[in-house]
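Please model the entire structure based on the sequences and the hints provided.
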Amino acid sequence: MSGFSPFLKKEFFELYRRRRLLLFSILFVFFGILAPASAKLTPALFKLMSEDFRQQGITIGEVTVSAYNSWEQFFGNLSLQLIVFVVVFSGSVTNEFESSSIVPLLAKGLSRTSLILSKLCCGLCVWTLGYWLSFSVCLGYTRYYWDSSTVPGLYKAALLWWLFSAAVVCVMFLFSCVVRTSVQVMLCTGAAVIVPYLLSAVKPAKRFLPTSLIDAMPLCSNAKNVSEIAPAVIITAVTVLACILLCPFLIRKKSV
Amino acid sequence: MSILEVKDLHKSFGSKTVLDGLSFSVSEGSVFGFIGSNGAGKTTTMKIILGLLRADSGEVTVCGEKVRFGCTEKHIGYLPDVPEFYSYMTAKEYLRLCGEIAGMKQSEIKKRTAELLELVGLAGEKHRIKGYSRGMKQRLGIAQALINSPRLLICDEPTSALDPVGRKEILDIISSARGETSVLFSTHILSDVERICDSMAILNGGKNALSGDVSELRSRRSRSDLLITLSDHARLQSTADLLGGTVNESGVIIISSASQETVFKTLSAISEHKIPVLKVEHAEPDLEQLFMEVIGK
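Protein sequences, first through last, are from chains A and B. The numbering used here numbers the first residue of the first sequence as 1 and each following residue consecutively. The numbering used here numbers the first residue of the second sequence as 257 and each following residue consecutively.
For the record, the hints were derived by calculation from the structure and aren't laboratory data. Watch out, some of these pointers could steer you wrong.
List of simulated lysine-lysine pairs, BS3-like, C-alpha gap at most 27 Å [as the list claims (entries may be wrong)]:
1) B/K348 / B/K366
2) A/K253 / B/K322
3) A/K9 / B/K386
4) A/K253 / B/K272
5) B/K263 / A/K253
6) A/K254 / B/K330
7) B/K348 / A/K9
8) A/K9 / B/K382
9) A/K9 / B/K367
Reference listing, derived: stretches of chain A covered by chain B, where coverage requires no fewer than 3 residues with Cβ under 8 Å from a Cβ of chain B [stated by the list, open to error]:
10) 14 to 28
11) 95 to 109
12) 246 to 256
Distance ranges between label pairs, derived from CB positions [to be verified]:
13) B/S268 / A/V202: 41 to 49 Å
14) B/G377 / A/A237: 49 to 57 Å
15) B/M548 / A/E98: 33 to 41 Å
16) B/S271 / A/E98: 20 to 28 Å
17) B/H444 / A/V87: 40 to 48 Å
18) A/V87 / B/E371: 41 to 49 Å
19) B/E315 / A/E228: 53 to 61 Å
20) B/S271 / A/F208: 41 to 49 Å
Every residue, glycine too, gets a C-beta built ideally from N, C-alpha and C.
In structure tokens:
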């Protein structure tokens with residue numbers, strides 16, 4: 001693991017210098033505020049548009065929103081945050097090899113295991129901190145405006161969504177060790193999410209698929225138990241571990 | 257004592273054989289010129305020495321330690337042909353990163369950074385690397401390669417992309433590093449080898465076609481041609497036949513591989529037959545001739 005700590009430091013320094021940390025902080029806080037804000041504004045929006053609807057013969061009754069709507073919005077927006085994260089980080093490994101900027105450091109004794117694990121560690125840290133930052137902002141506003149009794153299973157739903165997203169981040173780094181360009185990394189990671197998503201249409205397969213972890217609202221309202229999707233939880237956790245173990249092995253074969 | 261030993265190295269990419277039993281050694285304290293035309297396998301050899309590429313067979317030892325794929329020897333400093341750095345860093349920040357990765361102490365890194373930035377002429381440079389010219393990047397490349405005081409410095413065509421001023425600067429820096437490290441210097445610019453190298457090897461067909469001391473090889477193997485320019489071009493062919501030479505496209509008579517004795521005999525013949533001569537030149541043997549001779553062109 002020669003060079004792990006200095007290279008990890010370099011990764012965070014790069015995010016800071018290239019203003020990626022600032023970008024992600026703004027993004028995560030924005031999405032944290034967006035969910036309760038849009039839930040709060042929904043009744044006012046409907047009221048504003050009610051006259052237009054009435055002219056078209058549509059009558060809208062009183063719209064009431066709760067914490068449930070705010071969290072529904074939050075979990076809905078998470079996919080978008082994850083896509084932005086994957087787009088930004090997809091070139092993290094491949095760009096180093098494509099531009100050969102990694103060559104002087106490998107020649108200085110940086111081990112490839114340290115290289116990929118520090119990148120993975122940095123990626124997971126940024127995503128995890130950003131995810132829970134966004135969650136905390138949303139939680140603060142939602143609790144301020146509404147009673148949280150409508151979402152008794154909120155924390156387990158959030159934890160399972162995080163587990164799924166961590167698996168996506170790990171899969172992205174796994175592909176980074178195999179393919180050459182950031183576009184290929186994005187396409188492969190996208191395929192790794194879309195294929196199980198399509199397979200989830202087959203009901204018996206659903207409880208085994210990691211994508212069932214992002215079906216957050218039934219978990220939030222306790223309409224669904226974690227035990228129902230236990231195989232998917234185990235498979236997702238195993239995916240994370242398998243990626244962490246496989247990455248150092250695969251990156252050794254990458255040519256410089 | 258040899259600082260680097262390369263023995264019977266083989267490497268193929270698909271059906272293309274790049275190295276076919278390459279062997280050579282670099283002795284401690286020397287500047288070794290590794291010559292070959294483009295695509296001859298110089299970079300491949302260097303990457304194998306650095307442990308960045310796996311050889312099909314053969315053995316490489318640096319300071320007596322066997323090189324394994326994936327593990328670069330800490331005694332080596334490497335300057336790639338077109339070095340790429342992190343553009344958002346300054347030279348100082350980059351050298352600190354290199355020092356930390358090489359496992360140096362902070363105090364040592366600070367001292368070496370100041371020394372090396374002074375040596376390569378970047379001491380006053382406060383800007384980030386993204387604004388550097390190619391020559392400045394090459395100089396920073398040498399500084400990063402020397403940061404951990406390696407016993408062997410490997411430079412992959414360090415001057416090929418530079419203008420004459422940049423080339424001179426880089427060659428001067430490499431020459432000044434001679435005291436503290438041995439240098440393996442790959443190039444296809446033969447004048448650079450003549451200028452700073454003590455010994456050399458010519459890579460051709462994946463093999464070491466010729467190696468040894470630069471001055472010795474030049475005098476031992478090179479031809480030194482006698483070039484005669486006549487003032488009267490009407491007698492060109494008959495004079496060439498008389499002197500035993502050939503006429504080139506510029507109208508100059510060339511007597512190949514002319515020894516001193518041949519030179520004396522030719523001058524006597526010119527005098528005896530009263531041949532009107534404009535210039536007689538005994539060309540100094542150079543590496544270009546030697547290189548062409550070795551690669552068979």
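Please verify whether A/K253 and B/K272 have alpha carbons no more than 27 Å apart.
Judged against 27 Å, a Cα distance of about 20 Å means the pair holds.
For the pair supplied as a hint, A/K9 and B/K386, is the alpha-carbon distance within the 27 Å limit?
The given pair, whose Cα atoms are some 20 Å apart, holds under the 27 Å limit.
Taking 27 Å as the top limit, are the C-alpha atoms of B/K348 and B/K366 close enough?
9 Å, holds
Under the criterion that the straight-line Cα-Cα distance not exceed 27 Å, is the pair A/K9, B/K367 satisfied?
Status holds; Cα separation ~21 Å.
Distance restraint hint 41 to 49 Å, applied to the beta-carbon atoms of A/V87 and B/E371:
42 Å, holds
Counting residues of the region 14 to 28 of chain A that have a beta-carbon nearer than 8 Å to any beta-carbon of chain B, does the count reach 3?
Holds: 3 residues of the region 14 to 28 of chain A have a Cβ under 8 Å from chain B.
Can the restraint linking B/K263 and A/K253 be considered satisfied, given a maximum Cα separation of 27 Å?
Answer holds: B/K263 to A/K253 is near 24 Å, not above 27 Å.
Does 53 to 61 Å hold as the CB distance between B/E315 and A/E228, or does it fail?
60 Å, holds
Does the beta carbon distance between B/G377 and A/A237 stay inside 49 to 57 Å, or does it fall outside?
At 54 Å between Cβs, range holds.
Distance restraint between A/K9 and B/K382, which requires alpha-carbon spacing of 27 Å or less:
21 Å, holds
Decide if the proposed pair is consistent with the structure: A/K253 and B/K322, CA atoms, cutoff 27 Å inclusive.
Given pair A/K253, B/K322 holds - Cα atoms ~20 Å apart, limit 27 Å.
Coverage assertion for the region 246 to 256 of chain A with respect to chain B, Cβ distance below 8 Å, three residues required:
Satisfied; 3 residues make the cut.
Figure legend: structure checked against the earlier numbered hints; every hint is met.
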